Structure formats: C-alpha cells, structure tokens
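Asker: Please construct the entire structure, taking both the sequences and the accompanying hints into account.
Chains as they are written, first to last, in my numbering: chain A, 563 to 767; chain B, 563 to 767; chain C, 563 to 767; chain D, 563 to 767; chain E, 563 to 767; chain F, 563 to 767.
Hints are not guaranteed to be accurate.
Copies of the same chain look alike in the list, so a pair counts if it works inside one copy or between any two.
Computed cross-link-like contacts, DSSO-like style, restricted to lysine-lysine with a CA-CA straight-line distance of at most 27 Å [said to hold, decoys possible]: (1) Lys-639 x Lys-604; (2) Lys-727 x Lys-652; (3) Lys-614 x Lys-604; (4) Lys-727 x Lys-614; (5) Lys-652 x Lys-589; (6) Lys-614 x Lys-652; (7) Lys-614 x Lys-589; (8) Lys-655 x Lys-639; (9) Lys-727 x Lys-589; (10) Lys-604 x Lys-727.
Note that these hints are calculated values from the structure, not bench results.
Note that the structure is predicted; figures quoted are calculated from it, not measured.
Number of protein chains: 6
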Amino acid sequence: MAVDLLVFGPHPDDLEIGLGGTLAKLKRNGAHVVMVVASIPKDFEVRMEEAKRGAEILGCELRLLLDGGPRRLEDVKTCDLVGLLDGVVKEYKPAAVLTHSNADFHNDHLLIYNACLPTQRLAPFDFFSYHPTNCRPVPIAFHPKAYVDVTDTIDAKMHAITAHKSQFGGRGLDTEMYREFAHLQGRMIGVPYAEGLDVMRLTLA
Amino acid sequence: MAVDLLVFGPHPDDLEIGLGGTLAKLKRNGAHVVMVVASIPKDFEVRMEEAKRGAEILGCELRLLLDGGPRRLEDVKTCDLVGLLDGVVKEYKPAAVLTHSNADFHNDHLLIYNACLPTQRLAPFDFFSYHPTNCRPVPIAFHPKAYVDVTDTIDAKMHAITAHKSQFGGRGLDTEMYREFAHLQGRMIGVPYAEGLDVMRLTLA
Amino acid sequence: MAVDLLVFGPHPDDLEIGLGGTLAKLKRNGAHVVMVVASIPKDFEVRMEEAKRGAEILGCELRLLLDGGPRRLEDVKTCDLVGLLDGVVKEYKPAAVLTHSNADFHNDHLLIYNACLPTQRLAPFDFFSYHPTNCRPVPIAFHPKAYVDVTDTIDAKMHAITAHKSQFGGRGLDTEMYREFAHLQGRMIGVPYAEGLDVMRLTLA
Amino acid sequence: MAVDLLVFGPHPDDLEIGLGGTLAKLKRNGAHVVMVVASIPKDFEVRMEEAKRGAEILGCELRLLLDGGPRRLEDVKTCDLVGLLDGVVKEYKPAAVLTHSNADFHNDHLLIYNACLPTQRLAPFDFFSYHPTNCRPVPIAFHPKAYVDVTDTIDAKMHAITAHKSQFGGRGLDTEMYREFAHLQGRMIGVPYAEGLDVMRLTLA
Amino acid sequence: MAVDLLVFGPHPDDLEIGLGGTLAKLKRNGAHVVMVVASIPKDFEVRMEEAKRGAEILGCELRLLLDGGPRRLEDVKTCDLVGLLDGVVKEYKPAAVLTHSNADFHNDHLLIYNACLPTQRLAPFDFFSYHPTNCRPVPIAFHPKAYVDVTDTIDAKMHAITAHKSQFGGRGLDTEMYREFAHLQGRMIGVPYAEGLDVMRLTLA
Amino acid sequence: MAVDLLVFGPHPDDLEIGLGGTLAKLKRNGAHVVMVVASIPKDFEVRMEEAKRGAEILGCELRLLLDGGPRRLEDVKTCDLVGLLDGVVKEYKPAAVLTHSNADFHNDHLLIYNACLPTQRLAPFDFFSYHPTNCRPVPIAFHPKAYVDVTDTIDAKMHAITAHKSQFGGRGLDTEMYREFAHLQGRMIGVPYAEGLDVMRLTLA
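Answerer: Below, the structure written as structure tokens:
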C-alpha cells in the first residue's frame, strides 16, 4: 500500500490542532491520509473514542501506534520507537510525512519529532512539520514556510478539535484561539484561513 | 501576463549556476519562465551575448533589468531597486519567484536578495532562494529544503554555464564542481542529479 | 532633560503600528514619551500632518529627525545617521530606547535599527525593539520576549494608525490585521490585547 | 500564597552561582523569594546542610523538591518531573520564575530547564533563565538580555557560594572567577557588579 | 599516558565514516591515536571483528567503552556515561578530543556528543566534532570550519569503511558517496580530498 | 612575498584591542605579521602616529589601506573595497587572514568583515575573526572557538592600546576592561590571559 500522507501525532487531539484543516482538505481532494496517534497516556477508552471521532470528522484513517491500553511514550526506548516509526513508514510507503516540530516543548512531542527524523533515510518522501500544539497559549518560535488554504475546512477542524471533549470543554478550555490563529496565518497567503507548515525536505517538479 | 516562474540573478551566469537545471526542466515541462538578470557591470557586449546564449540553451526568456550598457548594482539606490523589482513582479504576475539567498557573501547577490524580500507583500506567490553562486569553491552555509530532480537537464545546465566563456574557460576556471555538487544533491532524493532550493513561502494544496 | 521613553521610527505610521498601544499606555501612566520619526520620503506636508495627528492621538511628543522637507534615509551616510541618533540620545537622556528590529526587511527600517545599536555605548538605558511593521501581511520571524497589556489603549492605537490616511484608507488597505495580531499577542499573557517587544538590554531591580 | 520569585536549581550551589546576588538583593528589597533545589544526588546530609547555609546567607526560603535522601534527576520520568514543577508553581503562584538556561550542557540542568518550559502554560508569570553554572570554566554561549546590579550583594553571593565547601574548598576549586565574571557583567550596565539573565517572557508596564 | 588524539564514536563504522582519512593521516604523521567505540548494540562478534579490522587499516588503537557483549547506549544513565567518558579522558590525557556533532539526528550519536561536552571541564584540550554519519544520504546542516587534507589516506578510509561488511556490502549499501563527499570537501581547500570538522575549542599558537 | 599573518582592522586601535596580544606573540615567535588599517576617518596625523606607535609596540609591520589623508570607509564602493582587499591578499599571499567579526555593530567594522569574506575564493588561507572592538562596554554575542595564550604579551597589548591616546586617555576612557576580559578568556584554556578568535576556515594537519 502506498498512501499520500502519513501524519504522526503524539496523542489524540494533536493532529486536529496542528493540521486538522489540511487533513480534511487533502482527504476531500481525494488523498489517502493516515493519522498515526502515538499513544494514549491515560483515560484510554474516553480518549480513544475522541480520537476516532476526530478522525471521522476529518474523514481520515486512524491508527494507534502503542495500542491495547494506556501507554506513555517515554516508557519506550528511543531505538524501539524509531523501529516502530520505521515499520509504519515501510508499511504505508507515504508520498509525504508530517510530524511535530522541534519548536515544541512538550517532551512527548519532541520524542515523536526526534524519532521521525531518521525515517528520512528510508525513502525520499516529502517531509514537513506542523505548528506546536498546546491547549493553552504560550509563545512559540515556529516559522511556517508552507501554507495550506483551509478556508473550506476550518469548520471541520474546529469540530474535530472540540470532539476532544475531555481536553477542552471538560476542562473549560477555549478553542477559539485556533480559529483566530488560522485566520492570521491565512493573511500570509491572502485567504480567510490557513495552516502553516515547516518544510524539512520536499521534492519539487 | 502571468508567468509561472520569475527568477532574479544579479549578473549573467548566476542563474545558470544556481538553478539552470531547474529552469530547463520547468521549461521542458511547459512552464513560462522569465530570467531577469539585474545588471552587467562591465564587458557589456560580451556578457550580454553570453547571457543570451545561456538563456537560449535553457529555453527561457531573458530580460536585463538595468539595460543599455554596463551598470553596477550598488550605484542604484535600494528604494529604486525595490521599485524596479516591484515593477517586474507586477508586470509578470508570477506564480513563483526565485532569488539569491542570504547565505551568499557577494554584495550584489545580497542586494538582489534584500530587494526581493519586500516584493512578497505584492502577492502571495511562492518564494524560493537558490544556492549561493561562486566561480570558485568556498564554504557556504546554505541548507536546501526543496529539491528538483535535474537528471534530464544537467547537461543543459553545464552547457549553459560554459556558455559564459569570459567567466570560466577564459579565466581557466573549472566548472566540473557544479556537476559534482548536483550529483551530491541528487543523493538526497535518490536521483542522479538535483538542485536544492530554500523555501521562504509556499502555498501547498 | 531626561525622558522616560525615546522611540525611533523610520517613517510616519511605523511607531503607531509597531507600538502605538504601548506609547499611549505609558503616556497615560505619566511617562514622558518622545516619538522620533526619522524621515518623510515624499508627500511631506500630508505625511507630516498625519504624523502629528498620530502622535496627538497617542498623547506623545513628536520630533522629525530629518526635517525641513522630503528626505530619504539612504541618502544619509551611516556615520552621519549614527551621529544624529547619538545627538538625540544625549539630548533626551532616555531611561529606555525602542527601535525597529532586525527581523524587518524594509531597508529604511534596518538602517534605523543598525544606527540605533551603537547608541547603546552612550549610557546603560533599557533597549527594546518592536515588531516589524508592514502595511500588508508578510511572514516575519520576530519573537517578542516582553509584552505590554494594551487592552485600554488598543482603540487609541487603531485610531492613530488610521490617522495615516494616505497609507491605509487612501490605498484601500485594511488595518484590521493589527487589532487581530494584538489580540493574539494578548493571549500570551492572558489579556485581550497586547504588543510584543524584543529585549536587547534591560536593567532589572 | 503568592510569592514574588520562584527559582529552580538542579542541585545545591547552582542558585548561588547563577543568581545569588540577585536573590539576596531582591530579598533585601522586600521580595518573598523561594529557592527550589531539585535534588541532591549524593552526600545528602553534607549537601543539605550546605544548601541551608547558602539560602540562609542569601536570606531566602529553601525547598528541596526530591527530598528524603539522595536522588538523581534522571531517575524521575519527565512527565513526573513536569508534574512536580507544575505543583510547585500552582502552590506558590509566583510573579516570576527563574530557571537554568538551555545554553548549559549538564544534563540535569537541561532536565530542569526543559521541565520548566511547560509551566508557562499555567499562568503568565515573568520567566527568566540564568547563566549556566559550572565549577570550572568552560566556554558557554549564553547572552544575557537583562542585568541586575548586585554591587551591594556580591559579597553575600561569594559567601553563599563558598558555603558549599564540599564543592569548592573541599576540591581545591577557586571561586574567584564568579566575582570576576560579575564584574565584567557589571560593565555592561555601568556598575561594579551585575548578574545577567535571559528573558523568556516578561510583562512590562 | 598522554595521547595526541582521542576520538569517540557511538558504534563501529562511525569513526571510519566521519574521519577515517584524518585518523590514518595523523597516525602516519606519528600521532598516537585512540579510537573509542562506545558500544555494539547487537551482532557483537561480527561487529567487533569489523571494528578491529577498521582500526587496523587506519593504524589506530581501538577501545570498546561498553565491552563484554552487546550493549545499548540508552540503557546507560547519562551521569554514568559522563563518568565513563571522564575516566577515559583522565586516563589518556589527550591533546585533542573529537566527537560526533549535534547536527546528527541518530539518538546514540547525540548521547555521545552530549556526554562529551562536560569532559571539557577536565582540561583545556582541543575539541572538535566530525560530520554526522549515516549509511544512507539525508540532508544535514553541518558546517565544517576546519579541514584536513586526506588525499593520501582517502583509500585507507574507503577501505576501512568497507571493512564493516555487515553494514554496507551485507545490506547492499553503496559507500561511494563518502568518497564523493570528501572530494567536494577537498575543493574548499584546494586539494583532491578532505574531511571537515567543526571547531568547539582550540588553542592556537 | 608570502607573509604568515595578514590582519585587517577598520581604524587605528581596532587591531590592538581585538588581537594585540596575539600579534605580539606571533611576532615574537618569528612570524611575519602585517597589520592593515583600512582608513583614518579624521585627525589624520595624530591617529597615523598612534597607529605607527601601536604597531611598533607589537613589533608588526603597518600598512594603511586608504592612505594620503582622512578617508571614510563608507565613501568607497563595496566592489572597490573588495578589489583593494583582493589586491592586498594577492600581494602578501598570507598563510592566515584575520578580520573583524559580524557580531560587531559598528558599520565600518562590518564593511571590512563583509569585504574580507570574498577574498576566501583567492586561496585556501586560514581565516579567523576577532572579537568586536568597542571603546566602551556593550553586550556582544561573539563566541570564540580558538584561543591564544597571551600571558607573555598582555602588557604589550595594553601598552599598544594606550598608545592611542586620542581615543582613550584623551577622552577619559578606561582601558582596564580589556585586561579583565583577556583574563576571563584565559580561564577558558587555563592560562592567565588569552584572546579568543572565531574560526571561519582552517586547514589542520
């Protein structure tokens, strides 16, 4: 099997926050998109349901990397985590891989970023990173170089984010900042809403 | 008129060295490519002929920004240079603009890079920079993020470079390093020859 | 005379865009704030009036560095420009100096930034830079480290920006992005609106 | 309880070396300062006594994060360490947090730095980092942006450092370099002695 | 004992790839060179034999840090790894230490780099890092500052690399890219082949 | 003629401040050292005498690039300045070139740095930059990688600096900070006094 887009997120909700609009758009455009959620650290059943609902809203295939129950990423040896990601990349033969960026400061997010880097040696797929994801705003030094117009899918993105009730509504956290941020990113390419990506390796033409 | 690619080079030969393979390939693929050479500092007739020959080999349209005779870029005020580049961008309405990068250390190359940056405000075109260009090897900190497979056009590139006889053969300089460098870049995406670009702004999907 | 805040802007409107909310707030808090506009490149009378109106709205003192008519910053030698800024700093003995940052790409903005740097040797004033200012959105790599809550003065800021009719309304340009951006900056410190500054030198305690 | 300053140090002596002058000064100025020492890897009783003595000299409250005996920071899971720091921040509600910087290369120092970063999401406190701390000089790329005049407390700082006899006198190590370094930092703001901090997030005005 | 050069490599083959030509050259010039291989994660006997053969070809002394059987670097605590490297540095009293750089993205390579940094505090030896080592090409941001002409030892380097049959020939991987890369590095100093190093600390004159 | 060391300084006193100890030491060790002072902006006779005196104390040969009277560097076109530096490099065939670094913020210092960069293409000489030079302390982000033990020549350095009476004693400026700074640099390699250089290109072995 060869998919178009393989995206790695540390936990449920990261992919919806980081690039939900992009995923929904590419899916609508006919791409085969696989969302790989690395682990669910606790509240397994609840968060698994939310992950499924989020993927369903975006229309993408979902896969849990460390499945079977609650798992913490830092309990996995780095060499084993790289091996797991290698396996997924070999299985799906993606045209493009997207992962968290190193501008993030959540340890699990950096573990995924770092373990994704060596997968580049397996094949010359396009390789991007998405904006650090936080439930609450903090200053972040992330500079997107590539933008995706998500005007038609910003509502799906917001819908998919709020599907993670245990993370937002359940804790009284506001999700509106994601829409505002997408609007400001949109200004960079002259559209109502956009998501920004950093480009690590890309084959043009 | 709306062109596909508008590329800015400080002097004749820079565009051939920096991205000759890319230009030839895109042209073969049907793109409308305009090569803008900013100035010819001396030996006007000789270098103008070489520029024409280089563009002809690559199959691209050539335009001299400061025409009519020998001109030095640093004799033009920055605000006037920005105005000239703005004018070219407004005239050609390019889908993508390529310019020198700021990893270069030739002052004229940096003048073009710096004057290109503000043109981004005119429209959300894709914006790339190409590898610093030197006639002799010097260590350079340039990290391409995007690669173009130029296997089919590496010979055209080499041919277009050597068309600048006054710069290479006439000074006893070897051009073989450009082929070697393209070969090493090619290894990054698994092809015989590639050229690398940095991505400054890009709209995906 | 010793002022609290001496702020340098390349042209009329830069200070309003970059830190209008901060200036208005500090003024309301009792600070003595001097806005130094470096030059007016053309439309002298119109832009001088707009600059006066902007400063009036913010409640700050205005000074034009290169006065008497239209002047272009790049027509001034760097050593002379440094001398002029040195003179202003010696005259006002500011507790803090604010200037454009080097993340900007307008040549005149960088000229002011570069000429401000050496003034640091004159006295250990606090030294900050404000966000690059553009009339139209472009991606910028500026990371504020210090934030000013401008919730009470965001309206004054917006009012002062639109006082520059020749730059915005007169060209059909929208100023709403400045409010949106201030709102997103505000989220970083948990207030409705904020402006962000980079810190170059600061004496605490 | 809401304290003014919450400072995190990996081991006893780090806080005295990194910002002892600042702590003593703020305390003298009436601030409520809490020094949190993360762990004591060995020689528990000796180093605990030295830590108490150091804090006493500076006049600050001391708290050992991993108490009850010798503990190594890297034996604590990152998510648990973040949880512990979160707890301390929630308990003390600090106006400002200071931590080690990422220019350090001691692994334990980086563990504290990395675990402090996420605490920013809890509240918009001011957030600084202090100079890497070494018992012996090594070249370090740390650029302070904020300076504290510690002329009146440099002696207290030196006294507090030498209270850690097991680390300095006991190993024949000279502490004079800390005074020399503070003197050179002082030159940057025109005072006899200063300490430098990097600014990560700061609310002004 | 005081050696001239102490080089640390995470696994067998890293030192041959990263600086085999330099090691062979310095050895031929009369230097005492010790190659420390940190660990062999699996296939212990096979890779130990290959490591011995590689060192023999280069003419250097070999030492396995974690010996006695297969070991994984990440199973060693950082403080213990630093202790092991400290011990080796104290034992060999090297004039120069070379290690992996932080531009690498293999976790084991970074573990060695990070654990080498603190050894700098033990003595003012010269300290360099070598190019990231990969079996397959990936884009890397490494900027050598120092070059070693390895024209006379490039063949020994290539020979020593291919001695690691289990890593290259055995997996059908091509080693020719190392020669090409050395050739391009050579151009930077005008010789047929060179290896590049980054300089972290160096005493001149 | 082939010299050992060719050092470029923008004005009289820069070379004494930046690397006077290194120059005196290398000279004592038998090297042929040429100090090129780029220009004297005013007080030509006075400063020319001071430059001669400084070079005499260090024991080095002096050359004024723009001679015959007061000249300002920014009155020379960049392409002409590069041509002048090219000429000097071709004439002296230096084994090593030292210049100002880009961490400096004096415009004339940056002009010299920028014009030196292209001379690298002429020959593979070793290429270093020295610490930014200021008459008064300002925070600077310069990271030396190479150190020269100047314990035996620190007095010559201090003597040579104070020979520039019009710049120091004549303006009541203290030069003691240069000695203090050299002392702190010395700590990095375990000697009483050192000067630090950045390494841009170096051939080892």
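Asker: Next, verify each hint and record whether it holds.
Answerer: Cross-check of the supplied hints:
Taking identical chains as interchangeable, the C-alpha atoms of Lys-639 and Lys-604 lie at most 27 Å apart whether they share a chain (19 Å) or sit on different chains (15 Å). Only between protomers do Lys-727 and Lys-652 lie at most 27 Å apart by alpha-carbon distance; the minimum there is 24 Å, versus 34 Å within a single protomer. When the C-alpha separation of Lys-614 and Lys-604 is checked against a cutoff of 27 Å, the pair qualifies only within one copy, where the shortest distance is 16 Å, while the shortest distance between copies is 39 Å. Taking the shortest alpha-carbon separations for Lys-727 and Lys-614, only the intra-copy value of 13 Å comes in at or below 27 Å, while the best inter-copy value is 46 Å.
In the homo-oligomer, the alpha carbons of Lys-652 and Lys-589 lie at most 27 Å apart inside one protomer (21 Å), although the nearest pairing across protomers, at 35 Å, exceeds that limit. Taking the shortest alpha-carbon separations for Lys-614 and Lys-652, only the intra-copy value of 24 Å comes in at or below 27 Å, while the best inter-copy value is 33 Å. Proximity of Lys-614 and Lys-589 under a CA criterion of 27 Å is satisfied intra-copy only: 16 Å inside one chain copy versus 46 Å between copies. Taking the shortest Cα distances, Lys-655 and Lys-639 sit within 27 Å of each other inside one copy (24 Å), while across copies they are farther apart (34 Å).
Taking the closest pair of Cα atoms, Lys-727 and Lys-589 come within 27 Å of each other only inside a single copy of the chain (24 Å); across copies the shortest separation is 44 Å, beyond that limit. In this assembly of identical chains, Lys-604 and Lys-727 lie within 27 Å of each other by CA distance solely inside one copy; the values are 15 Å within and 45 Å between copies.
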